[in-house]
Amino acid sequence: MGYRVGVDVGGTFTDIICVTPDGDVILDKTPTTLEDQSIGVMNGLAQLADRLDLSLSELCAQLDILVHGTTTADNTMIEMNGAATGLLVTEGHRDEIEMRRVHKEQIWDPTYPAPPPIARRRARIPIPERLDYRGEVLKPLDEDAVRRGVRRLSQLGVRSIAVMFLFSFVNPEHERRAAEIIREEFPDVEHVSLSHEVMARGPEFERVSTTLVNAYVAPRIASYVGQLQEKLRSAGYAGQLLIMQSTGGVMPPEYVSRRAVSLLASGPTGGVMGSALTASKAGIRDFIAVDMGGTSFDVCLVRAGQPEIKTDWNWRYRYYIGLPMVDVQSVGAGGGSIARVRQGALLVGPESAGSTPGPVCYARGGALATVTDADAVLGYLPVDGFAAGRMTLDVDAARDAIRRDVGEPLDLDVVEAAWGIARIVNANMANATRRVLASHGADPRDLSLIAYGGNGAVHAWAIAAELGIDRILVPRTAPAFSALGVLVADYVIDLVRAYVVPLSQVDLGRVHGLMEELRDEAGKELGPTGLSDDDVDVSLYAQMCYPGQNFDMSVPVPEGERLDEPGLLDLAERFHDQHERDRGFCFRNQQPLVRGVRLTARSRTPKPERLAHAGEVRDPAKLRKAARPASFGPDLGGGMLEVPVYDGAHLAAGARLDGPALVEEPFTVVVVPPGATARLDDLGNYELTLS
Amino acid sequence: MNVDLVQLAGHRGRLQEQPVVDQVTAEVLRGAMETVCFEMATYVSRTATTPILNQSNERNATILDGKGRLAALSVGIPQFMLTSTLPVRFALEYLGVDEFHEGDVFAANDPYHGGGHLPDYNVFAPVFGDDPVTGERRMVLIASIQCHHGDTGGNVPGGYNVTANDIWGEGVRWPVVKVIDLGVERRDVLYAMAANNRLPDYIGDLRAQIGAAQLAADRLGTMIDRYRVDTVEQSVDYMIDYAARRFREEVSAWPDGVYEADAYVDHDPLGNPDIRLHVKITVDGENLTIDYTGSDTRDEIQAWSTYGNTRGYTVGQIASMMDPEIPKNEGFFDQIKLVVPPGCVLNPHSTKPVSAGTHHPGADVGEVIAVAMQDVLPDKAVPQTYKTGIPTIIVGVDPRTGQSFTDHSAEVYAGWCNAGKGMDAWGAQNASFGNLWKATAEINESLFPHVQWSRDYRTDSGGPGQWRGLCGSHYEKEVLTDAKVYTYVVGMKYPMPGICGGQPGEPNKMVIRYGSDDPFPVQHTAEWVPIAAGQRVMYDYGGGGGWGDPLDRDPQAVLDDVLDEYVSVERVERDYGVVLRGSLEHLTLEIDHDATKRLRAARRTA
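Chains as they are written, first to last, in my numbering: chain L, 1 to 691; chain E, 1 to 606.
Source of the hints: derived by calculation from the structure; they are not laboratory data. Values in this document were obtained by computation on a predicted structure and should not be read as measured data. The reader is advised that the hints may include incorrect statements.
No farther apart than 30 Å at their CA atoms in a straight line, the calculated lysine-lysine pairs in the BS3-like style are these [claimed, not checked]:
#1 L:139 <-> E:509
#2 E:337 <-> E:280
#3 E:67 <-> E:493
#4 E:493 <-> E:421
#5 E:493 <-> L:139
#6 E:493 <-> E:509
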């Protein structure tokens with residue numbers, strides 16, 4: 001056994017988690033290098049090697065696996081600096097991408113601007129061709145028009161081409177032929193995305209949006225991954241690089257480069273996968289995973305150990321992504337969120353001071369009061385800085401800023417003002433969580449909370465209190481939890497083939513054929529991983545809905561290719577049951593529609609025994625440092641209380657603390673309010689119980 | 001049966017004499033209530049069964065206080081959300097608060113008891129808490145969810161009987177009925193409602209609304225228990241006061257004066273021409289009066305927007321002209337002095353049919369306000385309206401199933417979206433409708449026997465201006481079976497106006513049996529016009545108006561528009577005074593700056 005390393009790139013820090021050959025877990029951070037994230041990744045590896053008293057090449061030589069979460073795709077969309085992209089599209093449907101099914105984000109603001117275009121109208125070429133909903137040809141593909149269109153795109157400087165023809169997911173012939181013509185006419189095109197390959201379902205707006213984003217980011221991902229692989233090779237790493245996708249699974253670079261869109265929003269999924277493992281070890285099945293960082297707050301609902309997967313309404317950077325993703329929703333709430341009084345109302349976020357200039361108390365040039373400043377004034381944060389943070393906090397400056405920005409305009413003293421900021425941000429996070437739960441019909445009171453991220457440990461208790469949750473887990477690795485998550489994520493492949501037909505008219509031969517096709521494709525994709533068939537769990541599903549519905553439900557088909565005529569009747573019943581369970585109703589006398597066949601392949605990666613470094617001191621009293629004043633609001637003792645502070649780094653499993661208490665870990669503080677208790681479990685989680 | 005809607009909509013006092021709540025708590029509760037609205041709307045989306053709810057997203061969630069004042073809203077169409085409070089007030093005042101019990105749920109749809117038009121069903125549930133003084137349970141809030149249903153009984157399927165003689169001819173009226181009594185479903189009532197509706201899924205959708213209202217009552221009940229009744233009521237007062245204050249601040253920044261304008265609807269569904277809207281807007285310090293005196297009063301016309309509907313559209317337009325962050329609640333309503341003479345098209349007597357009038361002249365209220373205010377609020381005057389007439393309804397028998405179908409044409413198309421100062425119009429429709437989520441070819445072609453051949457922007461249809469109006473769609477749908485078309489078309493004579501010197505958008509144009517040797521260009525209505533399998537419905541949707549003088553448009557933006565075919569080479573000189581050289585085909589187009597300067601100078605002096 002060698003070392004196993006997870007590296008997750010965030011907006012501020014690149015987080016590293018290393019599981020050593022003897023099972024210890026090491027956490028580290030290095031600044032993110034935005035221009036080229038691979039520099040930060042290599043810096044992180046060098047820093048880690050240093051801590052292990054190894055050279056970089058020694059570490060690389062002993063590395064079993066390196067798993068990577070990258071925000072390159074997200075950054076491409078934030079900065080809109082992807083490849084020059086063009087579109088070939090069914091004539092008459094050239095403008096779906098602009099019309100967006102009428103959706104606009106700001107209904108009260110007519111001056112809210114258009115999303116920046118990926119392909120301007122001039123680079124969207126209408127092609128005469130048309131299939132009907134069964135895939136029958138209504139109008140044959142005009143190949144000359146395709147040739148002219150491709151030449152036009154080349155003339156316009158396009159480097160990457162998306163193709164979206166109506167109903168191509170039912171019959172891909174026209175798109176495939178268009179791809180051949182593109183290669184003939186424009187041999188050095190960097191990338192071609194065919195809509196039926198990127199997203200094998202309707203409707204067309206969702207598909208064209210997803211396909212355009214894929215075509216736009218794919219060349220960037222390919223070049224980034226290439227650079228990183230090159231750097232790793234020259235550092236002596238000969239093993240596998242795996243990359244985190246928004247499905248919550250990892251795959252090799254060849255796979256993800258073609259499905260670049262699946263890297264979008266993959267950042268927060270690492271933490272969710274880490275929390276799923278943590279929860280399963282802790283015996284928790286239903287919980288909310290929340291990640292509070294510097295600028296954003298990410299929420300995901302996990303039930304029965306499975307993160308909710310979202311196939312609808314995934315908007316990222318103002319484009320719709322119609323692929324299944326772990327349902328992580330983000331709002332602009334974090335340590336850097338700026339507090340201000342506007343027209344008499346106290347607002348916190350979504351604007352963020354980020355890490356530069358950062359909160360006022362960081363003394364890096366930040367001048368506006370932030371959530372972290374409020375946390376400092378409320379006494380939660382260590383004045384002399386985090387052990388590993390190499391930075392002291394200027395609490396006086398934070399106090400001045402809060403007094404000026406919030407206290408004076410609202411006529412509050414500085415602690416009241418800081419508490420007001422904390423309340424608003426906590427309420428914003430609780431409301432964001434409720435919205436996520438609403439779309440799954442879940443009640444927070446039935447759930448536990450797993451909180452992580454740089455600020456998760458500080459705010460977990462307050463978010464839980466807002467939501468009526470009494471059981472909270474804060475992993476010791478919370479500040480770099482996403483890196484742990486990418487390291488423990490499994491291989492996941494998710495493939496769909498469309499076949500739209502009423503259930504009663506299903507051609508079983510065709511279904512079996514599609515299943516075989518999917519198995520072949522999965523086998524090809526998994527080839528480079530070196531996994532044996534025995535290591536891979538394959539699940540087959542029928543994608544089904546009632547006529548007129550707008551979404552597919554995946555109904556498991558454990559029979560696989562043995563599905564027979566009587567099995568179809570059973571499948572209908574299973575669909576009705578599942579529909580009733582998930583949506584609250586079903587129509588047993590309606591004939592369901594089959595819309596496709598889906599395959600997921602999953603292979604487990606090795607999981608570490610422990611999820612955090614274990615300390616050696618079981619009695620917290622021995623780790624007690626000086627107390628400091630802190631406030632938990634008027635309901636919990638009012639003003640400043642003298643709160644004991646503990647050095648958490650040395651705490652051993654089984655340690656128990658009663659609130660109020662502050663437990664300092666190398667990169668964060670676990671806040672335990674009055675009336676609550678905290679217990680450090682065997683896995684390395686602080687388990688908080690609110691009274 | 002004559003409810004005084006003006007009185008119904010009138011000012012209601014505050015809940016608590018002395019609000020002492022701190023504003024952070026008030027903000028926290030406001031966020032919580034808006035989240036509950038979102039939960040209500042999401043619940044309906046998850047559980048509704050018919051396309052009109054789960055495909056086009058047309059649902060509006062609001063929370064009212066115990067006096068029937070709007071406390072919070074979210075997710076929906078502003079104009080409709082703002083209209084959806086009056087049916088609740090009617091129930092409160094007619095039944096009295098004593099008939100609101102914990103566990104009750106009510107339904108209502110009647111335009112003359114506060115509603116917009118009959119297909120819009122409000123479902124609402126009271127929320128109770130412990131009175132801080134007596135300790136007894138009492139009503140504190142009301143959660144309400146409104147949805148547009150695909151049928152409402154009456155003479156014509158689809159909910160729009162645009163030529164009905166009176167309101168009774170349009171469908172079944174439910175001023176208010178209790179559908180859940182102390183937590184128990186009123187089977188008799190729901191059965192009666194089901195019996196008066198063509199759609200088998202109607203009750204299922206109504207139940208989705210009931211479930212949403214119950215969910216909201218549960219969530220709000222928990223909130224009230226936690227924060228206590230007086231804190232919640234003071235917070236509602238606080239937020240309403242806050243909205244009112246912010247509203248007055250906005251108005252006081254507007255130049256004082258009297259601003260008037262007219263707008264016209266081409267004709268009513270009977271063909272009576274030129275339905276006139278007149279508005280006189282008086283800005284006097286922080287006071288805003290909107291007076292529709294002078295609007296059409298012809299008794300024979302068939303275009304009536306109820307007072308509640310007119311009020312919703314009015315507030316929706318005004319809200320779009322203010323800081324979007326001001327909370328939308330009763331504070332908004334209370335600050336507008338609204339004068340709508342009884343008997344005019346914007347406040348009809350209580351027998352008039354309204355199904356077409358909800359849209360026209362209802363929606364045109366936004367246009368007339370924006371036009372009136374364009375010179376004083378040039379950067380805010382974007383009419384939040386549409387010129388849809390009514391949706392194109394196609395009925396027939398689907399040869400694939402042998403079942404009859406009603407296609408509401410709830411598909412995407414672009415139309416009527418004006419430019420604003422500093423911004424070309426974009427997307428498909430105005431921002432107000434941004435919460436809609438309309439169907440597409442790949443959805444509807446599997447549901448209905450038709451093929452959607454086109455909905456592309458049509459070149460040159462957006463109104464020229466310094467900022468360009470949005471192009472309208474060229475829409476073509478081929479029916480695959482013999483069918484009949486029912487619709488009402490406006491915006492042919494009066495397209496979307498230009499603002500501050502901008503030019504109007506191109507008008508609407510609709511032809512049934514388009515391209516055949518027997519085309520039917522719609523003059524005002526199509527009442528079950530036959531169309532044969534293989535024939536097409538064509539709708540050139542009107543463009544949005546431009547903003548500002550087109551001669552001031554940046555020539556580079558004009559060139560870009562030509563490259564993108566929003567504007568044709570042929571129209572550049574005429575519409576924008578820009579002279580181009582080279583060829584679009586060969587991508588060699590460039591601006592002839594000297595010639596452009598000369599042409600624009602000559603045009604300006606002409």
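Checked hints:
{"no.": "1", "hint": "L:139 <-> E:509", "verdict": "27 Å, holds"}
{"no.": "2", "hint": "E:337 <-> E:280", "verdict": "12 Å, holds"}
{"no.": "3", "hint": "E:67 <-> E:493", "verdict": "44 Å, violated"}
{"no.": "4", "hint": "E:493 <-> E:421", "verdict": "25 Å, holds"}
{"no.": "5", "hint": "E:493 <-> L:139", "verdict": "36 Å, violated"}
{"no.": "6", "hint": "E:493 <-> E:509", "verdict": "10 Å, holds"}
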